[in-house]
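Asks: This is what each chain is made of:
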Amino acid sequence: MIGNLKSQTNIQTQVNTKKKRKSLSSEGKWGLLMISPYLIHFIVFIAFTLLASLYFSFSSYDMLNPPEWVGLENYNKLIQDPVFWKSLKNTAYFTILFVPTQTILALILAVALNQSLKGLKFFRIAHFIPVISSWTVVLYVADAIFNPRFGLANDLLLKFGLEPQKWLNDEHLVIPVLVLVAVWKGVGYMMVIFLAGLQNVPEDLYEAAEIEGAGVIQKFRYVTVPLISGTTFLVLVLSTITTFQAFEQIYVMTGNSGDITAAGGPNNASMVLMLYLFQQGFAFLKMGYASAIAWILFIILFVITLIQVKLQKKWVHYEK
Amino acid sequence: MNKNPNKKRKIISYIIISISSILMLTPFVTAALNSLKTYKQYTAIPVEWIPNPFRWKNYLDVWQMTDFAQYGWNSMVVTILSVLGAILSCSMVAYAFARLDFPYKNSLFFMVLGTLMIPPVVMIIPQFMIFKHMGFLDTLIPLWLLEWLAQPFGIFLMRQAFLQIPKEYEEAAKLDGCSPFQTYWRIFLPMCKPQLATLTIFTFMTKWNEILAPVIYLSSEDKFTLPIGVLSMSGAWFGKEQYLVAAALMSLIPILIVFLFTEKFFVKGASSSGLK
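Chains as they are written, first to last, in numbering that gives the first Met the number 0: chain A, 0 to 319; chain B, 0 to 275.
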């Protein structure tokens, strides 16, 4: 009797698995097949590379010989490496100057553009041309302004009787100038993200504020700012992450015809973490050391993002 | 009474945007003028702003005397292959995530979102090793191959698009005997043209302007793409810098044309990347 029951349940489960297999053989199988490009991507180019780079960061690896385990040596060396600390400081300085400046300017421009204005399309295009330019284009376009000998900036300074500057060749000015150019290139993009956020702010809130007697600035402060704080938060997190990993601009604008070892000057004043990582890895073939820099950068970004997420509760307004 | 503050707001806005637009465009105009000068005039002090005469020949010289055409061809190959790969792979993967039921679907999608957060910097070195072992160094392959394996941002964008389509289309296709792949290819994909346009333009912009990957993977000059090709000219063209300005501006023209015709999708793409 019991045996009979058992065999019956056996049959039942067999039928069940058959059914399951049948459903997998159609839709489920198609599903897995169709996401297979991403699965390959994930396994080979993400999961494997993450593990490999973690392993490299504990190894000595010059690409010619197989990696050799050295424990914490790379990290110990990093802590004592003055250029690493300088590049960390420069990266932080760049980010602290760049992110708030770009965010505030982008928000002001988006608010100004968020209405029916004549020539709206022209204004939008004007702000987007730097966005679609490569850093190589920006190098020569910015040179028209900041060339120490015949740039527009020095020409203006001279006209006003002021001292001409060396701009990118000046240790103290190189990062501010790079930031200025980065804001010029990126602000149009951020502006468009803010414009999308502003489109979700209901018009009747402004009308209500007007009835209460709010002026332009008050409306901006008490209606616009809180209601797009979600977008602002996103913009801040994203731009901090990308700025910390900035490479292309500094490589192009401080280097010399693509020579990676020449970039970061003068006197390492514009050396940032990513550039240092590249020099160590791809110019000096210290792949283990470079991987350690990459992981330190990863951890720093993780902590910064975590802090930003924690702080958002204090200032980001969520609609209930 | 209500109109007054609005008018004031408009005037202030016009002033802000006009100043900002001038600041955006002045460097381009100045660079364009520089590109039309002789070297003597380019370096003249005090600065002579207007070229005299306008040397349009500078552009022709760049085209004839440098490998500009070769760089442009390489950039074109990388960009077109990347765009094709991104459109096909992202939409296919996204369709499965949006419309099909398969084991571990939710955790796999969570994984896609998770990988968006990993900074690329930690993966650069091992990826370089992989391509080295495959023998792909100094070829254009590493510059476009990953686009054929579905990037997370594209998956996310296309999935949102597929989710908005009503269920009836699927059921009708099933009744007609379409396989899930056929349903995706024949019915759903053509319905997502705006999002495909956004993805196309975004991939185009990223790949056309990319510098980091070409710097790592390319070493022979005949493989260079435009951004690093133009950059590499500066050594050989010392004392003729006005040509470099012309070359750089020429490399902007193709993407500028694409942009002017598809401005609407650029803006859409930028605003949806806020979700990234």
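No lab work stands behind these hints: they were computed from the structure.
Note that the coordinates shown come from a computational prediction; the quantities given were computed from them, not determined experimentally.
Note that beta-carbon positions come from the ideal geometry of N, C-alpha and C, so glycine has one too.
Errors might be hidden in some of the hints.
Claimed, not checked - Listed next, the in silico DSS-like pairs over lysine-lysine satisfying Cα-Cα at most 27 Å (straight line): (1) K165/A - K267/B; (2) K239/B - K120/A; (3) K39/B - K117/A; (4) K39/B - K218/A; (5) K166/B - K218/A; (6) K28/A - K9/B; (7) K267/B - K158/A; (8) K120/A - K267/B; (9) K166/B - K117/A.
Said to hold, decoys possible - Quick partial rundown of chain A residues pointing at chain B, CB under 8 Å, derived from the structure: (10) G257; (11) I298; (12) V302.
As the list claims (entries may be wrong) - Footprint (simulated), chain A over chain B, 3 or more residues, beta carbon under 8 Å: (13) 38–51; (14) 59–72; (15) 152–165.
Asks: Decide, hint by hint, whether the structure agrees.
Replies: Going through the hints against the structure:
no., hint, result
1, K165/A - K267/B, "violated (40 Å)"
2, K239/B - K120/A, "violated (37 Å)"
3, K39/B - K117/A, "violated (42 Å)"
4, K39/B - K218/A, "violated (54 Å)"
5, K166/B - K218/A, "violated (43 Å)"
6, K28/A - K9/B, "violated (58 Å)"
7, K267/B - K158/A, "violated (43 Å)"
8, K120/A - K267/B, "holds (14 Å)"
9, K166/B - K117/A, "violated (42 Å)"
10, G257, "holds (5 Å)"
11, I298, "violated (10 Å)"
12, V302, "violated (13 Å)"
13, 38–51, "holds (count 6)"
14, 59–72, "violated (count 0)"
15, 152–165, "violated (count 1)"
Against the hints set out earlier in the document, violations occur for numbers 1, 2, 3, 4, 5, 6, 7, 9, 11, 12, 14, 15.
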